[in-house]
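Protein chains: 2
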Amino acid sequence: MSRVYNFSAGPSTLPESVLLRAQAELLDWRGTGMSVMEMSHRSKEYVSIAEKTEADLRELLAVPANYKVLFVQSGAFGQFAGVPMNLLRGKTSAVYANTGIWSGKAIAEAKLYAEVKIATSSKDNGFTTIAPRAEWVVDAEAAYLHYTSNETINGLEFQDIPDDGGLPLVCDMSSDILSRPIDVSRFGLIYAGAQKNMGPSGIAVVIVREDLIGQTVKGTPSVFDYKQQADNGSMLNTPATYNWYLLGLTLEWVKEQGGLAAMEVHNKAKAEKLYAAIDASPFYSNPVDPAYRSRMNVPFRLAKPELEKTFSTEAKAAGLVTLDGHRSVGGMRASIYNAMPQAGVDALIAFMAEFERKYA
Amino acid sequence: MSRVYNFSAGPSTLPESVLLRAQAELLDWRGTGMSVMEMSHRSKEYVSIAEKTEADLRELLAVPANYKVLFVQSGAFGQFAGVPMNLLRGKTSAVYANTGIWSGKAIAEAKLYAEVKIATSSKDNGFTTIAPRAEWVVDAEAAYLHYTSNETINGLEFQDIPDDGGLPLVCDMSSDILSRPIDVSRFGLIYAGAQKNMGPSGIAVVIVREDLIGQTVKGTPSVFDYKQQADNGSMLNTPATYNWYLLGLTLEWVKEQGGLAAMEVHNKAKAEKLYAAIDASPFYSNPVDPAYRSRMNVPFRLAKPELEKTFSTEAKAAGLVTLDGHRSVGGMRASIYNAMPQAGVDALIAFMAEFERKYA
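Chains as they are written, first to last, in the working numbering: chain A, 1 to 360; chain B, 1 to 360.
Next comes chain A alone, as it looks inside the complex (with noise of 0.2 Å):
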């Protein structure tokens, strides 16, 4: 068996030693005589395994307090309908920022409950650049400010958190959350599905302030009910118990690794090395406003495009596999998520350097 370095947008790659441990464990969890994934969730060791991933999470993100913190199904994509069933309040519009095609997809799906006030729009530019907090139009009458921290597809990711206007700061933090340290306090609700930092699919991370939970809109599912979930542990409804415990040996290896702060260096000095040796190059390129650049998602044009399919089919080739860019825009695209380690980076470099020379 030979692991390849897979740059995946999502479901992306894991620590080798989580799955070494998952493995491990697969048949028997410490003794038990049965594996976590035909555990009872009402179980006293499944309620263990849950609780101490909740704990871990809290300390990683030094979640305050008055926060709920819920484990749910159907993904980001369920938060894209849950976000405003929950967060509306019996107001009838929410504030949006389009950085991008998931912020679209959420501005999209919050329609079906609201009107939807664009704070900014960076479709203009073809989603390279944001403009500065101080041009937005937020109205301080709707129910919350919503953003995406980072967008995938084309690799625009915000540095820091924008001013929330006076609203609930919403965010999607789905491909950014625990790549560096982030001031949970500043928002009233982020939420994340798993698998990009945080494990496999089929689990998403719902942080939200208590006060602003318990006013859904008429016809919300009890399943997307956060008030209702936080009553009940998440567990409402009988939860995806085997992604749960992968989330928890996900962030027990960032702990490890020394919590966000390292995942932080670890990131940056990623993505500024790939950032650079495409701008160092006359044959790769990438059009984003390098203030708004993603350290996670490093998208990138060869000169010659009809060479795509020959880069894609040769890296494969290296070991350096899932490089094709989204579906819908095209292009090259490296995922460099908290589990891409410095050696998967330093090796496309190389790759990229070598087929330059032979192919530029």
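The list makes no distinction among identical chains, and a pair is therefore deemed to hold if it is satisfied within one copy or across any two copies.
Distance condition first, Cα-Cα at most 27 Å in a straight line; then the derived DSS-like pairs of lysine-lysine:
hint	residue 1	residue 2
1	K91	K111
2	K105	K44
3	K309	K44
4	K91	K218
5	K304	K44
6	K218	K105
7	K105	K227
8	K316	K44
9	K316	K273
10	K316	K304
11	K316	K52
12	K358	K316
What the hints contain is simulated information worked out from the structure, not anything from laboratory work.
Place chain B on chain A using the hints.
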């Protein structure tokens, strides 16, 4: 390592061969150099896993071509909302049979969207029997007729499919799907969480006649829109990829055992010997009408209820675990789904006889 016999009602025991295969493939699926949980859901490798799983489910259940098979998140509880959201189709009422605690939860959720008319209720008999179909009241103007084929808490199971009364018949088959052959063509929609007979929790299956979908109620989250999911191969959003794979491994195991006809023989034999042991003893009892006793969940009482804790503790010491009844009803319960071997039930019966000899 010593594997126990795990009688959990769900999540529940899985075939050891499924776990061994998952373990062997955990870091490297078929030479790809990555775990299934690290694969992009758009990759050709992952799509092959997903498609094989759907094909196997269609084969096992002989699903007619005019039915869509969906793999969704948020469990059967999510579908308690999803079913009315999708199947009301402009109508204002739906008919439900109330045969236990899960029926009751489905009814409570449906009331968020529709007037619920009760076809029959087993509440007055303590959920120990079901009125003959001829006595049910089914309004022909309602959108559909819903029932729960097996109630895990009271151990009450339909042995035949009830007449649909001219309505699309909808069934929550979470706890007995794949336990016996079933005529899918008699249903408008079948849904089932995976965590009893199909794999781990975190994924659910919806099998729906294609002419019934596409008219959701206003405010239906897109992830709950069966038509949108069908049009996107259950990948409108990132699915629970690893759960889907484990579900696929479980289906392969069912096929290896001989399919649903073999499963029925296997399950009937286990249930018959366990009920026979209970009925033959003055120390154990089960109150359910023999015509509706569940083959999947066998609740029983001790003549001395004060010994329940001792029973549970001594059973655990003998490697027979998770035998406590549901927290809402107490007593004992043995869940004996597909993956519970004959030897597990034999060991339980022997333990029960020995316990009776010691304490009766």
